[in-house]
Amino acid sequence: MSETTPDHDPPRVNEQKLTPAELKKRAKAEKQARRAAQKDQKPEEEGPPPAAEPANGINGESKTPQKNSSAPQQQQQQQQKPKAEKQQKAQQQKPGKQGAQEAEPHHKRTGSQQMPLRRRPSQSGAQPKAPVKTKKDNKQVELFSHLYTQPRRHTIEGVSKDVHPAVLALGFQISSYEICGSSARCVAMLLAFKEAIQEYTTPVGTSLARHLTSHYLSPQIDFLKSCRPISESMGNAIRWLKKLIVEIDPSTPEQEAKDELCERIDTFIRERITVTDQAIAASACQQIKNGSVVLTYAKSSIVEKTILEAHAKGTQFRVIVVDSRPLLEGKRQATTLMHAGLEVEYVPFSGIPHAVKHATVVLLGAHSMLSNGCLQSRIGTAAVAMHATKRDIPVIVCCESVKFSGKVALDSIVLNEVAPAEELLLPSKPTPSRPAPKDSSEDEAEAKPKTLEDWKDIPHLQLLNLMYDVTPAEYVRMVICEYGSLPPSSVPVVHRLANEGM
Amino acid sequence: MARSSGTPSDFNIVQTYRRLLAEDEELTMPVAAIEALIEGLANTPASTVSETLDLVQKLTAQLKQRIPNSISLSAGTDLFQQYLISNLQRPSDRGDFDQIRTHLVQNGKLFVERAKAARETIAGFGRHFIRDGDVVLTNGGSRVVGSLLRSAAESSNNRGSIRFKVIYVISPNKTAEEDESTANIAALRERDIPVATIPSTAVAYCIDQVTQCFVGAEGVVENGGIVSRMGTYQIGMLAKAAGRPFYVVSESHKFVRLYPINQHDLGIEQDVVDFKTSKGSVKDDGAADVRGGDDEGVADVEGTERSGTKGAISAPHEAVDYTPPHLISGIITESGVLLPSAVSEELIKIWF
Numbered sequence: 001m002s003e004t005t006p007d008h009d010p011p012r013v014n015e016q017k018l019t020p021a022e023l024k025k026r027a028k029a030e031k032q033a034r035r036a037a038q039k040d041q042k043p044e045e046e047g048p049p050p051a052a053e054p055a056n057g058i059n060g061e062s063k064t065p066q067k068n069s070s071a072p073q074q075q076q077q078q079q080q081k082p083k084a085e086k087q088q089k090a091q092q093q094k095p096g097k098q099g100a101q102e103a104e105p106h107h108k109r110t111g112s113q114q115m116p117l118r119r120r121p122s123q124s125g126a127q128p129k130a131p132v133k134t135k136k137d138n139k140q141v142e143l144f145s146h147l148y149t150q151p152r153r154h155t156i157e158g159v160s161k162d163v164h165p166a167v168l169a170l171g172f173q174i175s176s177y178e179i180c181g182s183s184a185r186c187v188a189m190l191l192a193f194k195e196a197i198q199e200y201t202t203p204v205g206t207s208l209a210r211h212l213t214s215h216y217l218s219p220q221i222d223f224l225k226s227c228r229p230i231s232e233s234m235g236n237a238i239r240w241l242k243k244l245i246v247e248i249d250p251s252t253p254e255q256e257a258k259d260e261l262c263e264r265i266d267t268f269i270r271e272r273i274t275v276t277d278q279a280i281a282a283s284a285c286q287q288i289k290n291g292s293v294v295l296t297y298a299k300s301s302i303v304e305k306t307i308l309e310a311h312a313k314g315t316q317f318r319v320i321v322v323d324s325r326p327l328l329e330g331k332r333q334a335t336t337l338m339h340a341g342l343e344v345e346y347v348p349f350s351g352i353p354h355a356v357k358h359a360t361v362v363l364l365g366a367h368s369m370l371s372n373g374c375l376q377s378r379i380g381t382a383a384v385a386m387h388a389t390k391r392d393i394p395v396i397v398c399c400e401s402v403k404f405s406g407k408v409a410l411d412s413i414v415l416n417e418v419a420p421a422e423e424l425l426l427p428s429k430p431t432p433s434r435p436a437p438k439d440s441s442e443d444e445a446e447a448k449p450k451t452l453e454d455w456k457d458i459p460h461l462q463l464l465n466l467m468y469d470v471t472p473a474e475y476v477r478m479v480i481c482e483y484g485s486l487p488p489s490s491v492p493v494v495h496r497l498a499n500e501g502m
Numbered sequence: 001m002a003r004s005s006g007t008p009s010d011f012n013i014v015q016t017y018r019r020l021l022a023e024d025e026e027l028t029m030p031v032a033a034i035e036a037l038i039e040g041l042a043n044t045p046a047s048t049v050s051e052t053l054d055l056v057q058k059l060t061a062q063l064k065q066r067i068p069n070s071i072s073l074s075a076g077t078d079l080f081q082q083y084l085i086s087n088l089q090r091p092s093d094r095g096d097f098d099q100i101r102t103h104l105v106q107n108g109k110l111f112v113e114r115a116k117a118a119r120e121t122i123a124g125f126g127r128h129f130i131r132d133g134d135v136v137l138t139n140g141g142s143r144v145v146g147s148l149l150r151s152a153a154e155s156s157n158n159r160g161s162i163r164f165k166v167i168y169v170i171s172p173n174k175t176a177e178e179d180e181s182t183a184n185i186a187a188l189r190e191r192d193i194p195v196a197t198i199p200s201t202a203v204a205y206c207i208d209q210v211t212q213c214f215v216g217a218e219g220v221v222e223n224g225g226i227v228s229r230m231g232t233y234q235i236g237m238l239a240k241a242a243g244r245p246f247y248v249v250s251e252s253h254k255f256v257r258l259y260p261i262n263q264h265d266l267g268i269e270q271d272v273v274d275f276k277t278s279k280g281s282v283k284d285d286g287a288a289d290v291r292g293g294d295d296e297g298v299a300d301v302e303g304t305e306r307s308g309t310k311g312a313i314s315a316p317h318e319a320v321d322y323t324p325p326h327l328i329s330g331i332i333t334e335s336g337v338l339l340p341s342a343v344s345e346e347l348i349k350i351w352f
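Protein chains in written order, with the numbering used here: chain A, 1 to 502; chain B, 1 to 352.
Be aware that one or more of the hints could be misleading.
Chain B is nowhere near these chain A residues, computed Cβ spacing over 12 Å in every case [as the list claims (entries may be wrong)]:
1. R325
2. N465
3. M478
4. Y483
5. S490
6. R496
Straight-line C-alpha distance at most 20 Å; calculated DMTMM-like pairs for lysine to aspartate or glutamate [as the list claims (entries may be wrong)]:
7. B:K276 to B:D265
8. A:K242 to A:E254
9. A:K313 to A:D266
10. A:K313 to B:D265
11. A:K243 to A:D277
12. B:K240 to A:D222
13. A:K243 to A:E260
14. A:K139 to A:E423
15. B:K240 to A:E254
16. A:K161 to A:E142
17. A:K242 to A:E260
18. B:K349 to A:E482
19. A:K407 to B:D192
20. B:K240 to B:D274
21. B:K109 to B:D78
22. A:K161 to A:E260
23. A:K242 to A:D266
24. B:K349 to A:E500
The following label-pair restraints were derived from C-beta to C-beta distances [claimed, not checked]:
25. B:A204 to A:M386: 25 to 33 Å
26. B:D274 to A:L424: 36 to 44 Å
27. B:G336 to A:I413: 35 to 43 Å
28. A:G341 to B:P245: 45 to 53 Å
29. B:R131 to A:I413: 42 to 50 Å
30. B:G280 to A:N290: 20 to 28 Å
31. B:E180 to A:D411: 46 to 54 Å
32. A:T274 to B:K349: 25 to 33 Å
Calculated from the structure, these hints are not laboratory results. Owing to the predicted nature of the structure, the values given are computational and were not obtained by experimental measurement. Just so it is clear, CB atoms sit at the ideal spot from N, CA and C, and this is done for glycine as well.
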């Protein structure tokens, strides 16, 4: 017995948060597992645990039926007193639970799934894991489970020693949204890589072209990925850089090669992002006419540039910035535009239908343009585009070709990024006041009505903080990139031309 | 083409363009623009690449400024400029500048011939879209649609099996445009094809008996939409609403680097909507979409040069509208039948 107790301990720590249904399910699973364990115990326990088990083992061997009734109770009482109480509660909630359990097809199915497992000798090992797993998945939305990566890295702990300090700093800036936005992240990454490359020395016995990418650049990239999933533009830039490195002639002196790389990175930033932004802004601001009402969503540096350029040209127009939580990026954009002397209207997400009523053109930035013409951008963009299209207001996307992607998405489920759910909590709640009473007296804390802050303790509540959504191609009237204005259907052509042909 | 050489100012590109169009009825506007540019090139002694390009640019600007609806011709001038840029600026060709120039000047006619031949190719592609018992709806005096329908009529005569009818949408006003459609109608009737003529107001009334629509275009814009005679857009909408295929018939030299996002974004001034009170026209300057500097220039030139005919410009039959790509089932060109989305790809191929 004593040897099974520690196995059960970890789940018990977390178990207050389990939902009744899960409790029920788990109770059943445990019951079955216990039964299985008792049957398997004898062969297994003969070896290691001599102290508590021998009697039990002998009992079980001689009279199995008796053990089925007595030993489980014993286990339940000894190992899981608090849990047992919970289980009872859960059972009381559903009258006739024991009978229903067998009758309900769902439970029967889980039961039948575990039945064969029961015979396996490894069962006792798997037994504590099952509840742990349900616990973990509890707060993750099942449909998006493929998007949950390890939590974003905010500490230097466990980072490979190869990671360059510049990249380290960048990683934390990215994970804390200090540097946010696809292009900004891409530029910052390339600049950090430039620094890192300058401090790289090729080990003896290998060449820069062969060693740099796989042994030096990869840990940097992996680190950045652990801070926040990388964007499409970063992916394209990395692909370009890797190709560039491979193409370096091995006979080139190291310093020369590194200088060459850095120079090419500078050129890349200039040609694919800086100058491109200017070209796009110049072309896009022609869509803003006198008397226009420009609607934007959240923040895009390129849209901001376009609006400022149109304003500098002397065009008389008005801007509506629609914004949404949790990042409230539009607030910054609205402030910038306001300071530039523009007439800005700041509308919450719920005010889209109203805002769209007055708009004459919708300008959107992009996270990435997908090959089927869909736009991947900050979550909420699709709703804005849909409302605009319904009123036949042109939706124009400004996007550098470096953000064009060869991927295709039909929905926002497959390709997306899940941000920490805590970001959704309202920041207005004075967080320090909450834990204080909780620590002092638990009863008081329990008596208080639960708020969203306690979402982890609230059964059946999951928070999902997605970063992007996909706007269907038919909602996008025009994509402005450095190659000119395109219909969304031409995205793959330009992608091939710009990102794969280089 | 042999004219006394002189400075660019001596050469009047606009007159040449108008003369070319008047001389040859079969000539389309982009081709006439290219021919006019070639003539301009032949008439001016440009000796360097940049001088040539500069000259072409200047002539193009002149032409665009003086012709009220420059969309169609700009397809030709853009194409010509791009051709020059890609051929003259290539380092290997730099030495052969004079050769290229003489080649260009001498072969101006060849280009025109090819453009005309394209029409026959298109008719060859397009006539397979017409089947026995079809009722085809068309409008305007497009030469390429006319040749397509004639070609279909002839092939039906040869085989003696394909019979189709044509509903021709004609504008009520007696204009030069109507003469073209009259010629098309006469040609079809001569070939035993029954033709009905209806005013544009009757399109919705008879859309249920129409099996498909064919329209011509002044320009095919980057997103696959078309700029065409006023009234085409509504035919497109009605065809879409009724689920009838709506085909555009156009030579690929009419592909133009223009991307209108709506009807008012064509870059030309059209006084179609003219609010009036008993005192006269109401001009609300605040809300009127005033476009970039160039276009204001166009308006001024028009105002001074053609003030007498101002009324004619605003008349609906000379005006154009823009049909967005989602209404178009296919674009029949000499290089094949394209989806609207393929136009942008073709243009990217030319320009990059």
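Taking the hints in turn, this is what the structure says about them:
1. R325: Holds, since 31 Å exceeds 12 Å.
2. N465: holds, 34 Å
3. M478: violated, 6 Å
4. Y483: violated, 6 Å
5. S490: Nearest chain B Cβ is 4 Å from S490 (chain A), so the label is violated.
6. R496: Not fine: 10 Å to the nearest Cβ puts R496 (chain A) too close to chain B.
7. B:K276 to B:D265: violated, 23 Å
8. A:K242 to A:E254: holds, 16 Å
9. A:K313 to A:D266: Answer violated: K313 (chain A) to D266 (chain A) is near 30 Å, above 20 Å.
10. A:K313 to B:D265: Since the Cα atoms of K313 (chain A) and D265 (chain B) sit roughly 19 Å apart, the hinted pair holds (cutoff 20 Å).
11. A:K243 to A:D277: Given pair K243 (chain A), D277 (chain A) is violated - Cα atoms ~24 Å apart, limit 20 Å.
12. B:K240 to A:D222: violated, 51 Å
13. A:K243 to A:E260: holds, 14 Å
14. A:K139 to A:E423: OK: K139 (chain A) and E423 (chain A) at ~14 Å, within 20 Å.
15. B:K240 to A:E254: violated, 64 Å
16. A:K161 to A:E142: Answer violated: K161 (chain A) to E142 (chain A) is near 35 Å, above 20 Å.
17. A:K242 to A:E260: Holds - the C-alpha atoms of E260 (chain A) and K242 (chain A) are around 14 Å apart, at most 20 Å.
18. B:K349 to A:E482: With a Cα-Cα distance of about 15 Å, the restraint between K349 (chain B) and E482 (chain A) holds, given a limit of 20 Å.
19. A:K407 to B:D192: Violated, because 54 Å separates the two Cα atoms, which is more than 20 Å.
20. B:K240 to B:D274: violated, 29 Å
21. B:K109 to B:D78: holds, 18 Å
22. A:K161 to A:E260: violated, 26 Å
23. A:K242 to A:D266: Distance ~15 Å between K242 (chain A) and D266 (chain A) Cα, so the pair holds.
24. B:K349 to A:E500: holds, 16 Å
25. B:A204 to A:M386: 25 to 33 Å: holds, 29 Å
26. B:D274 to A:L424: 36 to 44 Å: violated, 54 Å
27. B:G336 to A:I413: 35 to 43 Å: Given a distance of about 37 Å, which is inside 35 to 43 Å, the answer is holds.
28. A:G341 to B:P245: 45 to 53 Å: 51 Å Cβ-Cβ, so the 45 to 53 Å window holds.
29. B:R131 to A:I413: 42 to 50 Å: Given range 42 to 50 Å: holds, Cβ gap about 44 Å.
30. B:G280 to A:N290: 20 to 28 Å: holds, 24 Å
31. B:E180 to A:D411: 46 to 54 Å: For D411 (chain A) against E180 (chain B), whose Cβ atoms are near 50 Å apart, the range 46 to 54 Å holds.
32. A:T274 to B:K349: 25 to 33 Å: holds, 27 Å
When held up to the earlier numbered hints, the structure conflicts with 3, 4, 5, 6, 7, 9, 11, 12, 15, 16, 19, 20, 22 and 26 and fits the remainder.
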